[in-house]
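Visitor: Produce the entire structure from the sequences given, and follow the hints as far as they go.
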Amino acid sequence: MKSIKLMIYGGQGGIEGIIEKEGDIKVMGMTGNEMDLLDSDHTSAMPDVILIDARSSGKYGQEVMQVLKEKHPSTPFVIFTDYSEKHYLIEAIGHGAAGYVLQDGGMKQVLSAIRQCANGQIVYPASFKSILMKKLERDVERSPVTFEKAIEKLGAFSKREHELLILLTQGETNQQISKKLFLSIGTVKNYISRIYRKLNVNNRPELMALLYGLQNSGMKG
1 MKSIKLMIYG
11 GQGGIEGIIE
21 KEGDIKVMGM
31 TGNEMDLLDS
41 DHTSAMPDVI
51 LIDARSSGKY
61 GQEVMQVLKE
71 KHPSTPFVIF
81 TDYSEKHYLI
91 EAIGHGAAGY
101 VLQDGGMKQV
111 LSAIRQCANG
121 QIVYPASFKS
131 ILMKKLERDV
141 ERSPVTFEKA
151 IEKLGAFSKR
161 EHELLILLTQ
171 GETNQQISKK
181 LFLSIGTVKN
191 YISRIYRKLN
201 VNNRPELMAL
211 LYGLQNSGMK
221 G
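Numbering-wise (UniProt numbering), the sequence shown opens with residue 1 and increments by one.
Just so you know, the hints here were simulated from the structure itself, not pulled from any lab data. Glycine is no exception: its CB is placed at the ideal position from the N, C-alpha and C atoms. You can trust all of the hints, since none of them are fake.
Simulated crosslink set (DSSO-like; lysine-lysine; CA at most 30 Å straight-line):
id: 1; residue 1: 21; residue 2: 108
id: 2; residue 1: 26; residue 2: 108
id: 3; residue 1: 189; residue 2: 159
Ranges between beta-carbon positions, derived for each pair:
id: 4; residue 1: 13; residue 2: 163; range: 41 to 47 Å
id: 5; residue 1: 194; residue 2: 170; range: 14 to 20 Å
id: 6; residue 1: 171; residue 2: 21; range: 25 to 31 Å
id: 7; residue 1: 162; residue 2: 112; range: 24 to 30 Å
id: 8; residue 1: 119; residue 2: 159; range: 26 to 32 Å
id: 9; residue 1: 13; residue 2: 161; range: 41 to 47 Å
id: 10; residue 1: 181; residue 2: 18; range: 35 to 41 Å
id: 11; residue 1: 63; residue 2: 22; range: 23 to 29 Å
id: 12; residue 1: 31; residue 2: 70; range: 15 to 21 Å
id: 13; residue 1: 180; residue 2: 70; range: 33 to 39 Å
Guide: Below you can see the structure in the form of structure tokens.
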């Protein structure tokens, strides 16, 4: 099994040693200097996932993810933080964070998030995903026209694409989507690629940020 290359930004409390014990995750390094993350121009030197340990300061992590998004948009990053307030999470999603793990979840959740994000998934607190999905479902049920207007500039969805979109925002894997919709993995990937092209996004974190923005754009039925 190929190991996951991980870079840790701002690690504390012996987090590197704990992660190093995992056989499938290789820590490439740990730094508090964002230039170590931003100046690498060699793909082979780039990690598969970046863990931002922002437990000491919410701002500490936010400053880094702003520039990370611009320099290495294809590298997923996970925020490990004390900050459970909704606005910190929303800001992280807006910057393209693939994962957001609270300290009270412990290292088990951090390790799980690293693995899931390396596999292209998104890992957000269940409470946030629940809030987003309820808003999506409520708005679509109440006024499909309003939803269509919100995404009009980005592209319209077929019924099947809308089904996939909902499952994507719930964090379902391609395999899970395949089973639920009775589609082959190849067909699921094709649909996802089509959705991404329509919405002009490259991955699930960008998709979540876009959808949240649409639902909070002030458009009402």
